[in-house]
Amino acid sequence: MTDDILRMRGITKTFPGVKALQDVNLSVRRGEIHAICGENGAGKSTLMKVLSGVYPHGSYEGEIFFEGDPCRFADIRDSEHRGIVIIHQELALCPQLSIAENIFLGNEQATRGLIDWNRTNHEAGELLSRVGLRENPVSLISDIGVGKQQLVEIAKALSKRVRLLILDEPTAALNDEDSAHLLDLLRGLRDEGITSVIISHKLNEVIDIADSITILRDGRTIERLDMVTDQVTEGRIISGMVGRALENRFPPHEPNIGEEALRIEDWTVHSPAQRGRVVVSNASLTLRKGEIVGLAGLMGAGRTELAMSVFGRTYGTDISGRIYKDGRQIEIRTVQDAIRHGIAYATEDRKRYGLNLIEDIKRNISAAALPKLARRGWVNDNEEHKVAEGFRESMNIKAPSVLSVTGKLSGGNQQKVVLSKWIFTDADVLILDEPTRGIDVGAKYEIYSIINRLADDGKAILVISSELPELLGLCDRIYALSAGRITGEVPREEATQEGLMQYMTKGQDEIR
Amino acid sequence: MSSSTSSTAAGAAPTGQEPPPPREPGRSSWLSFNVRQSGIYVAFALIVVLFAFLTKGALLQPQNISNIIVQNSYILILAIGMILIIIAGHIDLSVGSVVAVTGAIAAVLMVNYGVPWPLALVITLIAGGLIGAWQGFWIAYYGIPAFIVTLAGMLLFRALTLTVLGNQGIGPFPDAVRTLSNGFTDGYLGNIGLGPLGGADLFSLLLGLVAVAGMAASQWRSRKARQGYRQSVDPLPIFLLRIAAAAAVILAVVVQLARFKNLPWVLILLAVLVLGYSLLTSRAVFGRRIYAIGGNLQAALLSGIKVKSVVFWIFVNMGVLSALAGIIFAGRLNQAGPTAGNSFELDAIAAAFIGGAAVQGGVGKVVGAVTGGLIMGVINNGMSLVGAPSERVMLVKGAVLLAAVAFDVWTKRRAAAATR
Numbered sequence: 003m004t005d006d007i008l009r010m011r012g013i014t015k016t017f018p019g020v021k022a023l024q025d026v027n028l029s030v031r032r033g034e035i036h037a038i039c040g041e042n043g044a045g046k047s048t049l050m051k052v053l054s055g056v057y058p059h060g061s062y063e064g065e066i067f068f069e070g071d072p073c074r075f076a077d078i079r080d081s082e083h084r085g086i087v088i089i090h091q092e093l094a095l096c097p098q099l100s101i102a103e104n105i106f107l108g109n110e111q112a113t114r115g116l117i118d119w120n121r122t123n124h125e126a127g128e129l130l131s132r133v134g135l136r137e138n139p140v141s142l143i144s145d146i147g148v149g150k151q152q153l154v155e156i157a158k159a160l161s162k163r164v165r166l167l168i169l170d171e172p173t174a175a176l177n178d179e180d181s182a183h184l185l186d187l188l189r190g191l192r193d194e195g196i197t198s199v200i201i202s203h204k205l206n207e208v209i210d211i212a213d214s215i216t217i218l219r220d221g222r223t224i225e226r227l228d229m230v231t232d233q234v235t236e237g238r239i240i241s242g243m244v245g246r247a248l249e250n251r252f253p254p255h256e257p258n259i260g261e262e263a264l265r266i267e268d269w270t271v272h273s274p275a276q277r278g279r280v281v282v283s284n285a286s287l288t289l290r291k292g293e294i295v296g297l298a299g300l301m302g303a304g305r306t307e308l309a310m311s312v313f314g315r316t317y318g319t320d321i322s323g324r325i326y327k328d329g330r331q332i333e334i335r336t337v338q339d340a341i342r343h344g345i346a347y348a349t350e351d352r353k354r355y356g357l358n359l360i361e362d363i364k365r366n367i368s369a370a371a372l373p374k375l376a377r378r379g380w381v382n383d384n385e386e387h388k389v390a391e392g393f394r395e396s397m398n399i400k401a402p403s404v405l406s407v408t409g410k411l412s413g414g415n416q417q418k419v420v421l422s423k424w425i426f427t428d429a430d431v432l433i434l435d436e437p438t439r440g441i442d443v444g445a446k447y448e449i450y451s452i453i454n455r456l457a458d459d460g461k462a463i464l465v466i467s468s469e470l471p472e473l474l475g476l477c478d479r480i481y482a483l484s485a486g487r488i489t490g491e492v493p494r495e496e497a498t499q500e501g502l503m504q505y506m507t508k509g510q511d512e513i514r
Numbered sequence: 008m009s010s011s012t013s014s015t016a017a018g019a020a021p022t023g024q025e026p027p028p029p030r031e032p033g034r035s036s037w038l039s040f041n042v043r044q045s046g047i048y049v050a051f052a053l054i055v056v057l058f059a060f061l062t063k064g065a066l067l068q069p070q071n072i073s074n075i076i077v078q079n080s081y082i083l084i085l086a087i088g089m090i091l092i093i094i095a096g097h098i099d100l101s102v103g104s105v106v107a108v109t110g111a112i113a114a115v116l117m118v119n120y121g122v123p124w125p126l127a128l129v130i131t132l133i134a135g136g137l138i139g140a141w142q143g144f145w146i147a148y149y150g151i152p153a154f155i156v157t158l159a160g161m162l163l164f165r166a167l168t169l170t171v172l173g174n175q176g177i178g179p180f181p182d183a184v185r186t187l188s189n190g191f192t193d194g195y196l197g198n199i200g201l202g203p204l205g206g207a208d209l210f211s212l213l214l215g216l217v218a219v220a221g222m223a224a225s226q227w228r229s230r231k232a233r234q235g236y237r238q239s240v241d242p243l244p245i246f247l248l249r250i251a252a253a254a255a256v257i258l259a260v261v262v263q264l265a266r267f268k269n270l271p272w273v274l275i276l277l278a279v280l281v282l283g284y285s286l287l288t289s290r291a292v293f294g295r296r297i298y299a300i301g302g303n304l305q306a307a308l309l310s311g312i313k314v315k316s317v318v319f320w321i322f323v324n325m326g327v328l329s330a331l332a333g334i335i336f337a338g339r340l341n342q343a344g345p346t347a348g349n350s351f352e353l354d355a356i357a358a359a360f361i362g363g364a365a366v367q368g369g370v371g372k373v374v375g376a377v378t379g380g381l382i383m384g385v386i387n388n389g390m391s392l393v394g395a396p397s398e399r400v401m402l403v404k405g406a407v408l409l410a411a412v413a414f415d416v417w418t419k420r421r422a423a424a425a426t427r
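Protein chains in written order, with the working numbering: chain A, 3 to 514; chain B, 8 to 427.
Hints are computed from structural coordinates only; laboratory data are not their basis.
Hints may contain errors.
Here are the computed distance ranges between Cβ atoms for each label pair [as the list claims (entries may be wrong)]: (1) B:Q226 to A:G379: 20 to 26 Å; (2) B:V49 to A:G108: 42 to 48 Å; (3) B:S289 to A:M301: 38 to 44 Å; (4) B:Y148 to A:A76: 43 to 49 Å; (5) A:G379 to B:Y148: 21 to 27 Å; (6) B:S229 to A:G323: 48 to 54 Å; (7) A:W119 to B:Q175: 51 to 57 Å; (8) A:R189 to B:V416: 48 to 54 Å; (9) A:D232 to B:Q367: 48 to 54 Å; (10) A:M301 to B:E398: 58 to 64 Å; (11) B:L137 to A:S61: 53 to 59 Å; (12) B:S289 to A:A76: 42 to 48 Å; (13) B:A413 to A:D232: 55 to 61 Å.
The calculated DSS-like cross-link candidates involving lysine-lysine, where the alpha carbons are at most 30 Å apart (straight line), are [stated by the list, open to error]: (14) A:K374 to A:K388; (15) B:K313 to A:K410; (16) B:K313 to A:K388; (17) B:K313 to A:K353; (18) B:K419 to A:K51; (19) A:K388 to B:K419; (20) A:K374 to B:K313; (21) A:K51 to A:K353.
This one's a predicted model, so the numbers in the text were calculated from it and none came from an experiment.
C-beta atoms are modelled at their ideal positions from N, C-alpha and C, and glycine is treated no differently.
If we strip away everything but chain A, and leave its shape as in the complex, we get:
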């Protein structure tokens, strides 16, 4: 039997309405670098949250063995105590504290309750040199770049005597040089006996660094590959990640495509957080009436950023480019402008950005077009009720009444409320960001039917999705976005998952 530092067996994790993980197995050998690959939503992060105790024992089914012992973590402290440290994609550092303070956050170097600053800074310095970061331990986190912050996170993990280091998309926000340094560091740590699990979309990196790979898809383990014996290539991983057959998951649809509805030209957007970072670069795309257009891209490719920057500049700074609606150039400076020009954007995060969860269905549906229901500033309550009732029927929103609070609805029904809200604004261009995220299979079919119906009504639709089969099954044409650039445009007939995935991973290195 091989020497496994970690074995997870039969992990099943259910959220209301969705099975996020189903009978997942993961084994990691001692002293290796193990990669977990899968599309967005395949369950990678959920699995890591189960492992690290974010989802405590009892909230999932299955068993975890760490160094041969069964583990029942109640929280993150528990798992860290055993030497399992997870570094999330969004770094968990306090920007206004020093490097040393961050490294020993929650683990302060104190004598009798008083922090020993000399020891803190000295030991922080040693850890920094271990991770190859030449910075003064008393510098503030906010004064160093993301790449260095990543290294601070690793130094922090080392301070906790890490035995299994988990990195979620560690290089997503890094440039090439920083990425290379980070990967070198992981190799160095491997030589010191620290096992790493790395979640990454960058397949070239995975091939570069991993000793073995587990591929997840739709919340299930697909396979475990050994880099040496299985002769793994990028194509091999991609086919594992996307390899499910397209069943009868999409309603049939005969498109009836008309004139151009929206054209975006040379759209460039800069990050508001990091000065000078280009998030969307010279993107141009066209939507036609009655057409469902897909936008494919990996996490961090700039899909949502592109959509939101178009939708009233709700994301980004220093935005340049032109927007044409029905052939005429328009200016969209605010959300009100966008709505007035008939553009709608349904967010990828319904709960945070889409719905007022403490309010009822009726008032959520009317929220973006309330003046339509009002005369001289006074809302006609009954008319509003009628409109909402109409949507409840036509969209098949399953709720006792339109007075039900949206926070209590299932994901699918919440999404129908969001769609109703935007349809009620009389938008003729709808940008739907991850319209089926967190929705189970049956409700997805309904959402697809609604999208088809909207296209039949002559609306132009842009669907942003991480699920390639969804784009292939739904869209008439698909754009691929990689590192902020449109890297491909494929009509439905020619689109394959493998082909799209190549566009989506294309030129990430050249562009940076």
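Fit chain B to the known structure of chain A by using the hints.
Structure of chain B alone, referenced to chain A:
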């Protein structure tokens, strides 16, 4: 662990069906829903009954009812403005100081400069609006948290008051202003005998009857309209019972007041404000925006709601209402003093939260806030009637505030647990 809703989902053929939504389970949830909505009114009724009992009926004597209304009128006016701000997810700590400075402005205008009172009143209200605009600008357009801006305002406007007044009060106010604060409607139509209750003012009684009739008619019309739109309405007996109960309470108060000195003018003013602001919050586009902003700021922004402008105007509104309260308070004392309005902000905020506002915003009702204010008023009044020392009154008020918010948090947590 997994809820029953999820078991059918995975693996099943995509038939276009989705597991049924979490049902509102029959009776128990209906009951708890109602408790959350009407708990405040039940609590108010219980407190009134309790103190009526403890004071051996003195609480409900005509003169005392009148006192409760007049003594709390300015807090209730502030609570109306405050609830809008709290629904939007903000707070205003400056209202006490704004009451003081606007009272001082009114006094300087009327007393020192002899400006006719209607003009002075309008100028003072405008001044209140400008103060609100000042704070609204920093909060809405500059992005400073309301807590900080209004904390600064609390100091600034108190300082301004002291600058204007020095260490002394300015008074007396013209009769008209004092009447508004303290006075009663005249017995325009003379008295009428009410048998064992003695004589009562006919005009007040008629006004009460008109109010009840108007309330009943508008409820009936709205019910008919809802039926016309095929919406579900309460069963007729329950509807009638509710109307009858409300009518009984209104008439009981009016009769008691009519037996004393007729209707206080501030009561009429308050009734108009409550009615107006209730309509604003429930029916006006502007009012509905406030709930949207407080419920989910991000969603409101992405729905094209002009958040900054709405926030700005609710602070302007708060300034105007503070000025109104400032005039009434000064008129009641018959002088504008440097310490006027001390800690009024706390009473107004407490009224809003006792009245069912949520700490995170997005929830609250004007009537609730006014009821919350009345609860505190009744506690104040009842305890002083039984001779309780003021520190004990404070203790009870603090406990009531904490209990009210704890209850709110508890019901919410239970509701959340039920959907897990």
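field: Outcome of range test on Cβ distance (A413 of chain B, D232 of chain A; 55 to 61 Å)
entry: Taking Cβ atoms as reference, A413 of chain B and D232 of chain A lie about 60 Å apart, which means the hint holds.
- request: Mind checking the hinted window 42 to 48 Å against the Cβ distance between S289 of chain B and A76 of chain A?
  value: Holds, since S289 of chain B and A76 of chain A (Cβ atoms, about 46 Å apart) stay within the stated range.
query: Is the Cα-Cα distance between K419 of chain B and K51 of chain A 30 Å or less?
result: Holds, at roughly 27 Å.
query: Given a hinted range of 20 to 26 Å, is it respected by the beta-carbon distance of Q226 of chain B and G379 of chain A?
result: holds (23 Å)
- prompt: Range hint 42 to 48 Å: satisfied by the CB atoms of V49 of chain B and G108 of chain A?
  reply: holds (46 Å)
- prompt: So the hint says 53 to 59 Å: do the beta-carbon atoms of L137 of chain B and S61 of chain A match that?
  reply: Taking Cβ atoms as reference, L137 of chain B and S61 of chain A lie about 55 Å apart, which means the hint holds.
field: Outcome for the supplied range 43 to 49 Å, where the beta carbon pair is Y148 of chain B and A76 of chain A
entry: holds (46 Å)
query: Does the Cβ distance between G379 of chain A and Y148 of chain B fall inside 21 to 27 Å?
result: Because 22 Å falls inside the window, the suggested range holds.
message: For a C-alpha distance cap of 30 Å, please report whether K374 of chain A and K388 of chain A respect it.
response: holds (13 Å)
- prompt: Can the restraint linking K313 of chain B and K410 of chain A be considered satisfied, given a maximum Cα separation of 30 Å?
  reply: holds (27 Å)
message: Check whether the Cα positions of K388 of chain A and K419 of chain B lie no farther apart than 30 Å.
response: Holds. K388 of chain A to K419 of chain B sits at ~29 Å (cutoff 30 Å).
message: Quick check: does the Cβ-Cβ distance between M301 of chain A and E398 of chain B fall within 58 to 64 Å?
response: holds (60 Å)
When held up to the earlier numbered hints, the structure conflicts with none and fits them all.
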